[in-house]
Each structure stands twice: as structure tokens, then as C-alpha cells.
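Asks: Position chain E relative to chain L; hints supplied.
Given next are the chains, with one letter for each unit.
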Amino acid sequence: MTLLIGATTIGLILALLAMGVYLSFRIFNFPDITADGSITLGAAVTAILISNHVDPGLATLAGFAGGVLAGMTTGLLHTKFKINGLLSGILVMTALYSVNLHVMGKSNVPLLNETTLATQAENLGMKWLHVAADSDLNVFGWTVGLRDAATLVAMLLLVGFLGMLLYLFFRTNLGTAMRATGDNPQMIRALGVSVDFIIILGLALSNGLIALSGSLLAQYQGFADVQMGIGMVVWGLASVIIGEALVGSSRIGLLITGAVIGSVLFRLLVAIALRWGLNPNDLKLITAGFVFVALVAPAFLRKLKPAATAKPSEA
Amino acid sequence: MLTIANITKTFNPGTPNEVRALRDVSLRLEAGSFLLIIGTNGSGKSTLLNAVAGTFLPDLGTLTLAGQNITRWAEHRRAKLIGRVFQNPFSGTAPNMSIAENLAMAARRGQPRGLGWALNHKLKAELRDRIRSLNMGLENRIDNAIGSLSGGQRQALTLLMASWLKPELLLLDEHTAALDPKSADQVIRLTHDIIQRDKLTTLMVTHSMQQAVHLGDRIVMMHRGQVLHDLQGAERARVRPEDLLKRFDDVRRREQLDSTVAEMLQRNYV
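Residue numbers (this note's numbering), protein chains in the order written: chain L, 1 to 315; chain E, 1001 to 1270.
Some clues are possibly wrong.
As the list claims (entries may be wrong) - Below, computed lysine-lysine pairings styled on BS3-like, alpha-carbon distance capped at 30 Å:
hint: 1; chain 1: E; residue 1: 1199; chain 2: E; residue 2: 1080
hint: 2; chain 1: E; residue 1: 1122; chain 2: E; residue 2: 1080
hint: 3; chain 1: L; residue 1: 82; chain 2: E; residue 2: 1080
hint: 4; chain 1: E; residue 1: 1080; chain 2: L; residue 2: 80
hint: 5; chain 1: L; residue 1: 106; chain 2: L; residue 2: 80
hint: 6; chain 1: E; residue 1: 1124; chain 2: E; residue 2: 1246
Just so you know, these hints were derived from the structure itself, not from any lab.
If we strip away everything but chain L, and leave its shape as in the complex, we get:
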């Protein structure tokens, strides 16, 4: 049970990563690799601030701000200096590796005895439920650690809130302009929107969400590590693709929900696979293989169908 709750909580934390990846990959069609660096940046900034006894809420916000700056840098490289989008991301990601080492001062910052958002959630749980620390709860017959339960509920609320906020943003004037920028840049430029500005803003938002995910992950698992970002873009993309397959719709609200569910589901699948004896070293290989299949399968299936059944709108 603890395993499932842990996997779900990490899945929810990484749902923010999935939302960020959804924003850059799906809304803008921009393959933004910055994520690998910005998720670590979020973790690093938060960890170093918390270990210096800054309020965990503030430290988390600072982590988010770090991601915003990283995303803006990628956006500037791409729009102002006309560097290919993929390369802009790679440059910033590579530079962030050194930045993250400088921020942390070493390759790993432990948070085991610090006050984090996770311990604050536990304290709130203690207060509301009138139980002692480290006690176990009985939820529908299952025994659950208070800390695990409290973090899960807190993450559920936070991710739900941020997902809703993102959905509402996409229905504002600025948000619709952002979606149109990805859909048809020529059209939105002709309507007076600076495509460059929107791309910078979008990447800032996307990497902000991703850094927030890293910040929460560091607090949950109790450390920040300079290597923790490797392969995270692919991870987020896998979540987005699972979500799309699940909701099977192009409505924004459903797609955001799908990304969250996809992230949790993917994490659960991984946890179960590891329990069954999957070698952890193979995890990234399998994740990459999964995304490859998910990207290729739709076109392959379409080819298998006779041409006559193809929809004319897709021609």
C-alpha cells in the first residue's frame, strides 16, 4: 500500500512536469529540452534555501521562479537570436548543469531533518486529525502512514488547483493568443500579437511548472541531486501521450486532466514493474522505447487501414 501511495504522490508531483511538457510540446509544438535542467534547478534552489532555514513556501516559490528564468532564457535564444528551438533548449540545459552545481555547492543536498512542505502537510494532518506524529491511519481498512497520506492529499489539492488555473488561463485573451501562436503563428501575428513575446512567456510558464515539480519532488524524497533531471522530458512526454490516449479528445480541459492521470498511471506502472523485478537501470531505455512506439504507432496504424476509410479532413 505504501508503495502505491508513494508512486501516486510522485506521479502527482510529476504531473506538473507533464503539464509543462504539454504546454511546450503540444500547445507550441516546441521540443523544449530545457526541462531536464529546469526540474533540477527548481529542486536545487528549493533545497539550498530550505537547508538555510528559509520558509519552505518561499523556497518553493523561488524554485518556480528559477524555472521561469530558465524558460525565458531558452525563449530569448530561440526568438531573438534565431537559434533552432531544440538547440536553444540543449544549450540552456547544458549550462544549467553547472548552474545547479553552483547553486547547491555540491552534487547532492539532503533535506532529511528540515522543515519542508511535506513535513508541514504532516503537521497539518496531525492538527486536524488529532493524532501523534508517525502514527498510522486506518483508511477503509488499509493502514497508511500519516505522512504519506497527508502529502498525497496536499499534492492532490495542489495539482488540481494548478491544473484548473492552467485551464482557466487558456480561456483568457492571453491564453487563447498563446494557443493560437502554436496553432497558426501567421494568423495571430496578423492580429497584432508578438509571437516572440508569447513564445518567451509560454516557455517561462512551462519551465516554471517543471521547476515547481522538481522543487516538490526534492521536498518529498528528501534530497536534491544534480542528476535527477536526466530524461525527465521524455518522462513528461510519456505522461502526456498516455493522457491523450486515455481522454481521446482535443479539449484543453480534458487534455490537462489526461496529462495528470497519465503521469500517475505511468508512475504506478513503473512502480509495479520495478516490484516485479525490472532492473532500474533499464527504466530510461524502456521509457524512451515507450515514447517511440507511442509516436510511431498512430501513423503506422493509419497506413494499415485501407485508404478509402481515411477521413478526408486528414488528407
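Replies: Relative to the frame of chain L, chain E by itself:
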């Protein structure tokens, strides 16, 4: 009022692909006038429109619109003054967004976009009214994605979007060329109605001599990046499609003469 003064543009200068797309083009368009630009392929008519829209910056010359020097303005900044309809029906709308959302974005052309709701009941009611005036039955489908509509319907909507906030200048770049004849007719009638109703200053590029003769109050014929003929007033009123075709023939004959002379010179002297 639009003033195009001595606009020159060379693409890929100094390379084998050098194209002198616009050569010292000057035109003055009075407020409320409707100018049609015709010309052979590669004559620079669409390039001139793009120069005004700001797709690229000219090498030389100045552009003045509504009393402001817009020569160095970026494309999105000019959009505050200019409404555009493109040749490709896919260019003017965002296919994966709804009809309502597309129109809502056009209703804020050139204005700052903040965190207010893109759509509200008042705006939806208004845009349903305006869409009803197209007589295409689209007013009940405003929540459908625009990508599901036909080229003609999309061009009609793009026209509605470009003119939603009355622009200082309307640019139409062969906006019926990619449509079937029936849709093209419908869009042309709509174009005529909207321009008449709002008295819009318009620059329209067309391939169709019929459109050139039946629309607008002035015809400019371009060739090799220059203005070859400028028909206004009584001369414009007399002109028939055959006259325009004859002028095209003249151009072609002169072109052939050019190449035969070049050949002859080459034979004799090189």
C-alpha cells in the same frame, strides 16, 4: 490613407538567386479608395502587399499609413492598423480553435491581451449576429473547430475577422484564388459588401480580370517589380477585361522581343 514611396526590395542580394522583387515602387492611396493590383507571376504584386503588411522590411523607401511612418514597424505592430486576408484559406484562422475563439481574437486585433475572459455572453451574442450575416448557417456552429470548415467558409470568416475592428487598410492577397468558383463568387460578394459598408481603404491582389474590372475604383498593373499601368478615373471606368488581357499580351510580346534580341546579340558578338 496609405503612401508607398520609392519602395525597393532585393531578395538574396549578391547571390545567384538574387531577385529584384520591388524596384522603386510609389503609390498613393486616398482614404476609402479600393485599389486592385494585377500582374504576371513574379511581377511583385504579392511582394508589394507583404511589404505593406510588414512581412519583411524594405531596403529603401518609406511607408506611411494613417499619418504614421510605419516603415520600420514590426508586422504585429502594423496589425493595429491593417486587416489581412491571405491567399491560402488555412493561413487566416487557427484550425484547432473554435469559430468563436478565432473571432474573439480578431475582436482584439492590435489591442493588449490580458487575463480577461476571451469569450463572454455579450461577445458571443454579437459574433453570432455577425456570423449570421454571412448566410452560411455557421451561427449555430460557433463552438466547432474552424479546421472542420470548407475553404470558402474559412475565407469568409477570415474576411469577417480582418474587418471586425474597422482597419485603416484592408489587404486582400488573391483571397479567392484557392476557392472553387461558387465559393469564390460568394466571398467576392461579401468582400464587396463589407468594403462598401465600412468604406474601407483596400489593396487587393487578383489574378482574375473579371474581379479587376468589376470591383474597386482603380487598377494598377505591375511587371518586374514596377508599376506598369495605373488606371484611374475615366480610363478605369472604360476598361474591359479584354483591354487588360491585351495589355498582358503587350507585356508578353515585349518580353519575347527581349529574349530574341538577347539571343541575336549572343549569336553575333559572343
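Asks: What are the numbers of the hints the structure violates, in ascending order?
Replies: 5 and 6
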